[in-house]
Structure formats: structure tokens, C-alpha cells
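For this one, chain A is given, so just place chain B on it according to the hints.
Keeping their order, the protein sequence lines are chains A and B.
For what it's worth, UniProt numbering labels the leading residue of the first sequence as 1, then goes sequentially.
For what it's worth, UniProt numbering labels the leading residue of the second sequence as 1, then goes sequentially.
It should be emphasised that the hints constitute simulated quantities derived from the structure, not laboratory data.
As the structure is a computational prediction, the values presented were derived from the model and not from experiment.
For glycine and all other residues, C-beta sits at the position ideal for the given N, C-alpha and C.
Honestly, I wouldn't trust all of these hints.
[Claimed, not checked] Partial list, derived from the structure: chain A residues whose beta carbon lies under 10 Å from chain B: (1) M77; (2) L85; (3) V204; (4) R206; (5) D210; (6) H221; (7) P288.
Residue strings, one per chain:
Number of protein chains: 2
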Amino acid sequence: MSLPPEFALIARHFRGLAGEGALDLQDDAAVITPPPGRELVLAADAMVEGVHYLPDDPPETVGRKLLRVNLSDLAAMGAEPLAYLMTTALPRGTPPDWLAGFASGLAEDQREFGIHVLGGDTVSIPGPACLSLTIIGTVPPGQALRRAGARAGDDLWVSGTIGDGALGLAVLQGRIKADGEGHLARRYRLPEPRLALGRALRGVARAAMDVSDGLAQDLGHLCRAGGVGAVLELSALPLSAPAAALVASDPDLRARLAAGGDDYELLFAADPADRERVEAASRAASTPATRVGRFTDGLASVTVLGPEGGAVSLPRGGWSHF
Amino acid sequence: MSLPPEFALIARHFRGLAGEGALDLQDDAAVITPPPGRELVLAADAMVEGVHYLPDDPPETVGRKLLRVNLSDLAAMGAEPLAYLMTTALPRGTPPDWLAGFASGLAEDQREFGIHVLGGDTVSIPGPACLSLTIIGTVPPGQALRRAGARAGDDLWVSGTIGDGALGLAVLQGRIKADGEGHLARRYRLPEPRLALGRALRGVARAAMDVSDGLAQDLGHLCRAGGVGAVLELSALPLSAPAAALVASDPDLRARLAAGGDDYELLFAADPADRERVEAASRAASTPATRVGRFTDGLASVTVLGPEGGAVSLPRGGWSHF
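Extracted from the complex, chain A is given alone in its bound form (with noise of 0.2 Å):
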């Protein structure tokens, strides 16, 4: 009996993905030991095609940023990755090379991040493909850094720059024009998941997450989970400079860049005693940290200050999916 299309098809372009445990993708489930002496950190992102991700994406960045997104939950967790399961829901006719580009993608970060899929299901689907993946990391005991844990007086930390994933999408949709455009695509399709920082922040910093949705509304979230407020400083954002250059001849994008998303950057608060210590961490991740504010008193309030002082309000309040 010769194997059906769908299985040949995995067989192609997933088996070389598998690692120790996946039971070379054959079986009905993954067998792991877990690393002993660890926690185990698990978080669940999808993407589908037009919301996540533009149709005319290459696959190799579609499946890097399937992976990075994710990879982002287990930095803002302080968390080292250890494997995957992917489950991928693609329309008939789908190209193989699609498909090839998609798999070289998934295997060249599997490489630079020491990772390797589990398990997974691959399935057709009568729309837009739709592509959900579940990352498994471990940290030590009681290590994990929280969303809860800021306090009144704590600094407000942004790793990183803001803005460019937004205004990445923005250039690929063709609604702006800019030099250093490559940088700002590449931001878009390509996030850095911050996974060095998140770890030398174990122990820094008091709270922390990862900003996907927009700064300010991610920001939110974080003073929710404290129960405390926060004033962020639009004059302090981290820009890079083909986003300085468009802030430059459009003063009212800086507000804008604080409501978009795709940024997948750490937010975190530390002890203002503890400037040096996120300085060394920063140092030691190789990862830009800038103070974009402070946490406040005042449940889940933030003020947004812009360029002169005065509190601003965003134009919108972050990525709503609903």
C-alpha cells in the first residue's frame, strides 16, 4: 500500500525536523524525559495567513516567525527552549515549494536556537492556511519571570526597538514609504525572540512580558497583573533608525508606534536600585534595554506622556483580534 499524499508530503519536508523524542514523527505521540530538575514552561501561538502573516510572505520567514513568536512567550519567561509541536492547516494545492521553503525555514532556526519538533498534525483546510505551534522550555524552580510583580516606583524597562514590525507591515502593504525599508520588512516577517535577555533578567527583573499586541496595550497587561499603574514616556522609545527618520518628518508617528504590534520585544519592571544590574544583564545578552517610564500607584491606569510632557492618547488601544 503506497503511503497517501498527505503523509508523503510530511515525510518530505518534516522528518529531518525531528529530534530525540519525536519517535521520527511515526508514531501516535512523542516521548520525552523531562530535564530533571526543571520546570517546564509551555506556550500555544498561532498565525493564519492575512492576519499574521501577508499571502506574499516567504515561506522560509512564515515558518521562522511561526517559531519566533512563540519563542518570545518562553523569553518573556526567562526560559530556555527545548522542542515543538506544530500543527499546520494548509489549502489543497498548497506548492510543494512552499511547503520546501516553509520546512527550510522551520530547520534553519531549529539550528540557531538548539530546538527540534515533537509532534504535530498536518490537515487541509477550505481558506486561509492556518498555522498553530506549542514550544516547550524549562527553567529552574521557581525562576520564571512573572507578568505580576511590579510595584509603585519600579522602573519601566523596553528591550530592544519599538515600532519597526508596524511600520514593517506598513511598507510591505505599501501605505508608507521609507529608507532602510529591508530593515523594517525584515522586522515584520522576522521578529528576535529575546531569549538571552529574558534568562539574564532572571532575578532582575520583577515582572516581565513580551510586546505583541502593542506597547501601550501590553503595558496595560503588565499593570493589571501588578495591580499598579505606569507612565510611559513616548521621548524615551527605543527607535531604530529608519523609524527616528520617519518620527523625524511625522511627529504625531510616535504615538503610533506605541499602539502597534508586532514588536516582540521585552517590557519589564526592575528596582530602580537594580539600573545596574539590567545594564549587566543587558551587556551580557547583547540586547539594547532602554527606561521607557515607570510604574505608579493607581490600578491598571497608564499615561502616556508625549514629546512635550503632556499625557497623549494613543490613536488605538493595540491589536484586537475580535
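What follows is chain B alone, placed relative to chain A:
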């Protein structure tokens, strides 16, 4: 800042499903301590509206089926369920009642199977709903059932009854009329993961898998994994009363039942010297098990014997998505 509707939906419907380690679904990931002295068993299956379930299936059974098809993978490995992660890609405008029903079905099966949700993601999709679940279970080290291991001469066993799921789909689509339609439709919508039998077969079965894509096709997988062939006797197929009545009036149907999908029964190999041990496992699990053939020499060749004892070919090789 008020919660955007996406998060309110998740809070309303899914937070009550969260259990230990899920951190109330308010962090970027779950954190669990793996059960000491156990291996972890992990699988992921996706379901697409209109492909794996019918758009007018009750949302309660959609949620339960999503969980149960994944639990069936644990059953096939002889594993005990622990927890799960889930991503849901839903069309905008999905009625709140649908979500409430979906969540209440999950809640019911969480109680039945002693599991809880650890995390996941809820996104929108401009197309059919796409649901993905990652199940986590445990087994004592080295005791997971595997697909490889059947030997020529072993008995071929199957649990429960075969064909009800495929007939249930045909009933729901109006393609056939049958007495006992309620039973058949229920078997399509609500598979019964054979967890107790799977556990009882640890150390008894030499190879096992769950039947989801058609008995004959899945038997081919079991043969390939073991480097053996098999003879399947259609006359021995265990049929429910409604399925038997349909076969009585249309004898050709019997072969089609061996090629249908959605059985979620266990298919396994055991030494003929262990028939009493298999029967004891079956009684202990209150789950029927029936011998339906034997494994043979001959690499991955599956011979299907019709009721008169001659070889027959099946109408199609089972369900394939591509």
C-alpha cells in the same frame, strides 16, 4: 484601559478551564513541574470546520471531539492524560453562544478525563474555524506503547466497534438513513478515547496505534513500522447493532467500513500466547477487544479477506487530506 474584546472573550469562556500551572492564562506561558519518575507523552491534532466536523455540529461536541481525538493519541501510547494547550482561530462574528457551548463541552470532558488547560491562543480567521490542541500525558519510563513491534504470527486486535464514525457522518450528511442514527451520529461527534484499555495493554500489546484515518490504511502504518504484513478478516470486524443492520441489507458496506475514518479505536498486536492477558485487559478496562486478523511476513502488505474468505480490494485507501 478596558480589555479589548478578544481578551474579554478568553476571560469569560476559557479562564474557568485553567488548572495548576496555567497561571490563570494571564502570563505568556504556563509553568509546570513535570511529574517525577514519568516520561512525558505529547501529541497535537488539529480540526477544521467542514473538514473534521460539520458546521452545524453542536459546539459542545466540537470542543469535546477536539479534546478526545488528542486523548486518543495518548490512549494509543498507553499514556495517562495530564493537561493541554489549545489555539482557536475563529471567524469574526462567532456567536458568543457558540463559544460558551464550546467551552462548556471542554469543561465537561476536563472533569471526565481529569485534565485542564494550560494555555493557548485565540485569533481571528477570515475562513473556517481552525482548532488545534496539544495534549500532554505521562507514562512510566520505557512503557509507552509504540507502533513498531508487531511480529509475524501476532494476533491483530481492535477495540470497540468499527465504522460507526464514518456511518455517523453519512447520516448527518443525509447520505444514508439508518435505525440507531442517534448512536451513529454520536459516535462521529464524540469519539471514545480508549485510555483505560491503552494503559491496561502496557506490557501486553507488542505494538499499538489509534485508528483515525480508516482501519485498513492505519493497519498499513502499523505494518510499515514493524516491517511486517497483515491479513485483515472483514467477517471478524466488530460492528455496532446499527452498523450490523446496515451491513445485513448491503453486504458490500462491510469493506467500506474498514476504509472509513473517525473510529478512534485502538489497533494492536499481541502474541497469540497472550490472548488471555488481552482479554483480561479488555475486561479491566470495560472495553471490548476483538481479534480481526493476524500479522504475517511480507513487508507492509495488507491483505483484506472478504466474508467468503477471498482477498478483496477496498474502495479507497482511507482518508487523506491532500
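The hints, checked one at a time:
Proximity of A/M77 to chain B holds as hinted, the smallest CB-CB distance being about 5 Å (cut-off 10 Å). A distance limit of 10 Å between C-beta atoms decides the matter here; for A/L85 the minimum to chain B is near 4 Å, and the interface restraint holds. About 17 Å separates the beta-carbon of A/V204 from the nearest beta-carbon of chain B, more than 10 Å, and the hint is not met. Of the supplied interface hints, the one on A/R206 is violated, with its beta-carbon coming no nearer than about 14 Å to a beta-carbon of chain B, more than 10 Å.
Annotation: interface hint on A/D210 holds; nearest CB of chain B at approximately 6 Å, less than 10 Å. Given hint, A/H221 at the interface with chain B, holds; its Cβ is 8 Å from that chain's nearest Cβ, closer than 10 Å. Interface restraint check: A/P288 against chain B, minimum CB-CB distance 21 Å, threshold 10 Å, status violated.
The structure fails to meet hints 3, 4 and 7 from the earlier list, while all remaining hints are met.
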